[in-house]
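J.: Below are the chains, spelled out letter by letter.
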Amino acid sequence: MADAGMLRFHVPEPEVRPGGTPDFSNVTIPNAGSVPRPEIDVDPRAIRDMAFSIIRVLNRNGEAVGPWAGLLSDDELLEGLRHMMTLRSFDQRMQMAQRQGKTSFYMQHLGEEAVSCAFRKALTKGDMNFPTYRQAGLLIADGYPMVTMMNQIYSNEADPLKGRQLPIMYSSKEHGFFSISGNLATQYIQAVGWAMASAISNDSRIAAAWIGDGSTAESDFHAALVFASTYKAPVVLNVVNNQWAISTFQGIARGGSGTFAARGLGFGIPSLRVDGNDYLAVHAVAKWAAERARSNLGPTLVEYVTYRVGAHSSSDDPSAYRPKAESDAWPLGDPIVRLKNHLIQRGVWSDERHAQAEAEILETVIAAQKEAESHGTLHAGGKPSARDMFEGVYAEMPPHLRRQRQQAGV
Amino acid sequence: MIEAIRDAMDVSMARDSQVIVFGEDVGFFGGVFRCTQGLQAKYGKSRCFDAPISEAGIVGSAIGMAAYGLKPCVEVQFADYVYPAYDQIVSEAARLRYRSNGDFTCPIVVRMPTGGGIFGGQTHSQSPEALFTHVSGLKVVVPSNPHDAKGLLIAAIEDPDPVIFLEPKRLYNGPFDGHHDRPVTPWSKHELGEVADGHYTVPLGKAVIRRPGAAVTVLAYGTMVYVAEAAAGEAGIDAEIIDLRTLLPLDLETIVASVKKTGRCVVVHEATLTSGFGAELSALVQENCFYHLEAPVARVAGWDTPYPHAQEWDYFPGPARVGRALVETLEA
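Heads up: the sequence lines are chains W and H, in that order.
For the first sequence, full-length UniProt numbering begins at 1 and goes up steadily by one.
For the second sequence, full-length UniProt numbering begins at 1 and goes up steadily by one.
Treat the hints loosely; a few may be bogus.
Heads up, simulated DMTMM-like pairs for lysine to aspartate or glutamate below, C-alpha to C-alpha not over 20 Å straight-line [said to hold, decoys possible]:
#: 1; chain 1: H; residue 1: K45; chain 2: H; residue 2: D7
#: 2; chain 1: H; residue 1: K206; chain 2: W; residue 2: E396
#: 3; chain 1: W; residue 1: K370; chain 2: W; residue 2: E13
#: 4; chain 1: H; residue 1: K42; chain 2: H; residue 2: D16
#: 5; chain 1: H; residue 1: K45; chain 2: H; residue 2: D80
#: 6; chain 1: W; residue 1: K173; chain 2: H; residue 2: D103
#: 7; chain 1: W; residue 1: K173; chain 2: W; residue 2: D203
#: 8; chain 1: H; residue 1: K45; chain 2: W; residue 2: D203
#: 9; chain 1: W; residue 1: K232; chain 2: H; residue 2: D50
#: 10; chain 1: W; residue 1: K121; chain 2: W; residue 2: D74
#: 11; chain 1: H; residue 1: K42; chain 2: H; residue 2: D7
#: 12; chain 1: W; residue 1: K324; chain 2: W; residue 2: D74
#: 13; chain 1: W; residue 1: K121; chain 2: W; residue 2: E396
#: 14; chain 1: W; residue 1: K125; chain 2: H; residue 2: D103
#: 15; chain 1: W; residue 1: K121; chain 2: W; residue 2: D75
Source of the hints: derived by calculation from the structure; they are not laboratory data.
Being a predicted model, the structure only gives us computed values, none of them experimental.
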């Protein structure tokens, strides 16, 4: 055998860094309508290819084409557009509120609005999402009051979480939205446990797990796949691949070694990849996976291919690690523009109505913001009581916490 | 004690269909220590089942089940192997009620065999209780006998908060006072081996005085309760031995009343000394009993080393070491 020389250490790098020209030529985008739609009880082995393709419905002309099209009515699509526009408007206002010092922190969904907004519409009341910090569309699309979300962001006297949680770490059992944790991936296996509990209880409700591309590297992702597969848990395992984990490109989590969807194949889990900026495709795939789960056919892994257009958070500056115009070059475009064009193409929407809707939504968001600010912001106005700090650690306050509350004088 | 623990799960599963038991080798086989024997046959695979070898998966899925409304009582095969689940326990189970303002809760029990004295070496002997008593939102329980084990475990399963339930495996088959050169007697010959049928609880957060005394207070739990009893007896010291039973929340009242009476205090545990639970006990005694103390609070603990194999009895704080600390505290 020939001498191979010194070993060399490999560290993947993104194609382009700041100053370079964005290049997504390595991302293969199949044509809309080209991926078949199997029956939900398909043998997972028969659809392995789907983990390497991308299910798309909307084509370049804004037409809905192929076997995954045709599930939503005009009214449902118009509602979906409104949800996405509301989330974007909400993000803009809250990002600005953070810059104005009204809160400490915010995280936007820019470019990813279709994923959570469309997914929510594929679930039924009573189902439970285990979201990350970038799925607030689940709340918006379920009619959770924006004022309550803002109260949480402001940690004010009306904050349902009593000021204990960092902004955007919402919780609403009623709206099927599990309490968000700062610790990444932890909720992925919890979602599987929730789904197992539903099956143990012979219930009909299902769970949805959420994770980003970067966090798939956490060990809880692996645990979740093993448990979901072993117990055939009624869960939809969502991976939102927005290409970036803060400054780290998805290749560091070993995207590019295959796909994130393909991770499911080793566990025998049917795994689909979908255009995350295509509201119709996201909804159709989510519905397929939810039906599988509800029909006792077990878990489905879904990778949403999208792009994180905004900064990671209000504490991040992406121009330090990726080209400024990279999001403009993203081949799957903008989810709102694409649905808007489709609705115009369908003859139920227009640029004028869109501009009008945008103004109306902004007005609604501003009204909600005014109401929320009347309850206080982080540094001004109404606050949760310092007594609330000691409550809820346990069901009943133990003696040592009662003593500490007395010491704190509250 | 194994039968008492199994009985506690049996009683709880029979009373409440929400109680679910799972873990590695827990189902068909009945557990490597036989603690779940027969439960799968009796309650079916939906109530008692085997899990993949993933502690984070076991605890993480249990948290999801609890959020749904079940009451999972899960097993980690050895406390030494709980670390992969530490994130789930600390960041999730302990915080869920607080961070969601009660929107979601986590009534789980994580059972795990703990402690040394069995030639378990580094990864079958650890006592990691201090890693849990430092976590707000958890309860931490260590029984020392079959009667308490059953009552405390039923109470833990019924408790609305997450409970870390550490079972001293050295005590599974009989009490152990640290005299490894003497034959071990089974629980059937011990009064606390008597376990009542059916449902009863031993309340969490309540210590018990195992041996009343006037000269010195000994704070102990698990195996060290018997070591302390032997040490006091052999040294002829009128020690008051308190079995803490629950470390968090702690029964400070019983501790303070005793130390104020005796004026002296020795804390004993198997876990390593530095930042061990004994440091918290010692600080609390000092804060609350300062004017009653006649001597410095002493701590007898495992050395600050990983748990060794061949040097088992040089490591384990046996009756000789505890006895010396008692004598020194009385002479101080």
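J.: Could you tell me which of the numbered hints above are not met by this structure, giving the numbers in increasing order?
T.: 3, 5, 12, 13
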